[in-house]
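My request is simple: use the sequences and hints to build the entire structure.
There are 4 protein chains.
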Amino acid sequence: MTGGTFDKEYDEIRGELYFKDTHLPEMMRLGRCMLDLEIRTLMMIDSLEMTAEDRELIATNCARSPEQRIVITHGTDTMVDTARVLAERVAGKSIVLTGAMIPFAFGSSDGLFNLGSALSFVQVLPAGVYIAMNGQCFAWDNVRKNRESGRFEAER
Amino acid sequence: MTGGTFDKEYDEIRGELYFKDTHLPEMMRLGRCMLDLEIRTLMMIDSLEMTAEDRELIATNCARSPEQRIVITHGTDTMVDTARVLAERVAGKSIVLTGAMIPFAFGSSDGLFNLGSALSFVQVLPAGVYIAMNGQCFAWDNVRKNRESGRFEAER
Amino acid sequence: MTGGTFDKEYDEIRGELYFKDTHLPEMMRLGRCMLDLEIRTLMMIDSLEMTAEDRELIATNCARSPEQRIVITHGTDTMVDTARVLAERVAGKSIVLTGAMIPFAFGSSDGLFNLGSALSFVQVLPAGVYIAMNGQCFAWDNVRKNRESGRFEAER
Amino acid sequence: MTGGTFDKEYDEIRGELYFKDTHLPEMMRLGRCMLDLEIRTLMMIDSLEMTAEDRELIATNCARSPEQRIVITHGTDTMVDTARVLAERVAGKSIVLTGAMIPFAFGSSDGLFNLGSALSFVQVLPAGVYIAMNGQCFAWDNVRKNRESGRFEAER
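Chains as they are written, first to last, in the working numbering: chain A, -8 to 147; chain B, -8 to 147; chain C, -8 to 147; chain D, -8 to 147.
Since the hints were made in silico from the structure, they are not lab data. One or more of the hints may lead you astray.
[Said to hold, decoys possible] Cross-link-like lysine-lysine pairs, in silico, DSS-like; alpha carbons within 27 Å at most: (1) Lys84/D <-> Lys136/D; (2) Lys11/D <-> Lys136/A; (3) Lys136/B <-> Lys11/B; (4) Lys136/B <-> Lys136/C; (5) Lys84/D <-> Lys11/A; (6) Lys84/C <-> Lys136/C; (7) Lys11/B <-> Lys84/C; (8) Lys11/A <-> Lys136/A; (9) Lys136/D <-> Lys11/D; (10) Lys11/C <-> Lys136/C; (11) Lys136/A <-> Lys84/A.
None of the values given here were measured: they were computed from a predicted structure.
This is the structure:
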């Protein structure tokens, strides 16, 4: 978990969006997910504020983890940048990044759909770095976020 | 679409559960799904009421469809039975059955998670018949529904 | 609390509606309700199954309660019958019955609206027995449930 | 309708909260509200940005309206200020202001509860200006918002 829209909450006192805790355990419960998972929260930030150091931290954790298959929840704005760093730094593992356009806490989120998608792709795809959004899976070097539509698409 | 808990609605006049229309288009919109899909409703029934003729109809539709990759939403109670019929009757296609334990209309359903999962597995798995539930994917001949826990599990 | 659609849950193992616990404390939290309330669950049943003894029990509890203002959550089908018994048996108190057409657990319920309505009417209305549904408040002897529309209406 | 948290939406492209349309008609439908209402949107703004001219506009509309009973949805931060202006400028009408701490669009809002409450209080209270929040009703000159708890309370 790294944060992103996925895990944004509404602060009713200040009327702002903020990060509290990850909703992942609740989402696993909702999805009746029976996969044997290890959940780790590395940071809880907006991906527009993610620094090179943050990406190093994610890459290092992926490389050192005993797991061969990893899903990363991430803000959509710079998800492609993090995927590139991971492709350069982590070898021999299947890594799928996913996120959400609408916070899970808002009730009508795409997050649960994307999580089901990412957890499924990661189980069957060969080693590599991918982005799972909009029901699709993109290789890290052939994807961009369309800022106007908010959708991910292949570059070529 | 064949119905199942997935698409059950609450009839507020009679206080009963019933089938109206499929929620699939709404779920695709929630999931911001950009896959190019052909959606067809074959029936809208409880899978406990599904007959051998109904399963024939599903198999025939899968066999005749021009699509190579097919997701079937189905009640969970007899999903395994339908998978067996499909494995006998349809060759050379990737078919993934999925369903839900909680109706989508109830707000906290596993349906959106399962749909994201099934649509992802079907894109990458080789020809065969599978069941995608609980974040996992099972081959048609190695899965059963545990009636007590409501979870799907491998038989061996 | 006496049950009713208000508190129906979906049993995901058996695919049926049933009663577990009341959702009232959760609804009070959602509504940020700061009223000083005493909550008591007398029964948790479908109002079609409510007997004369059940109505006696409700009336006795209302009469013996130290509270002057009482809200009763109740299935809508026989709410008018219970209101009549209360009007005969309990004097000098403001009693408002309310319910829901859609279970609270289903996410898009009228229950939260009706609860806010009933708790408000009960604070200002003079002693008497009333039904608060559909944003309106009816005297116990001038109300019926329209079985076709599912709405409550004045009889004259 | 004047806006406020009640009607805030999440802009999934920019990741911000904004105002689009009022959710009032949808809330009336959810609440199965059968009251004969005239709905008018005067503005759709955050109450922290409300000016003296905006409050004049609200007061003028209340005074000129043929209705004797009026509910105003309003941001909670300056609801008390608007109530004071209305008390000075509008006579002989029952006016109840209400709002929400959580946007209705977020699925677990207090808005539906508060709306049911405000619509009920306004039907029975004598002429005057009131604030309905947290299940309670306060006279305009004896209420403040506690900025720390986010709850409304009597001043004395």
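Cross-check of the supplied hints:
Among the hinted pairs, Lys84/D with Lys136/D is consistent with the structure: their alpha-carbon atoms are about 24 Å apart, no more than 27 Å. For a cut-off of 27 Å, the pair hint linking Lys11/D to Lys136/A stands: about 24 Å separates their Cα positions. For a cut-off of 27 Å, the pair hint linking Lys136/B to Lys11/B stands: about 26 Å separates their Cα positions. The suggested pairing of Lys136/B with Lys136/C is violated, with an alpha-carbon distance near 42 Å, which exceeds 27 Å.
Taken as a hint, the Lys84/D and Lys11/A pair is broken in the structure, with Cα atoms around 44 Å apart against an allowance of 27 Å. Restraint check for Lys84/C and Lys136/C: satisfied, since their Cα atoms lie roughly 24 Å apart, inside the 27 Å limit. Note on Lys11/B and Lys84/C: the hinted pairing is violated, with a Cα-Cα distance of about 44 Å set against a maximum of 27 Å. About 26 Å separates the Cα atoms of Lys11/A and Lys136/A, which keeps this hinted pair within 27 Å; it holds.
Only pairs whose Cα atoms come within 27 Å are accepted, and Lys136/D paired with Lys11/D is accepted, the gap being roughly 26 Å. At roughly 26 Å between alpha-carbon atoms, Lys11/C and Lys136/C fall within 27 Å of each other, so this suggested pair holds. With a C-alpha separation of about 24 Å, the suggested pairing of Lys136/A with Lys84/A holds against the 27 Å cut-off.
Consistency note: the structure conflicts with the earlier hints numbered 4, 5, 7.
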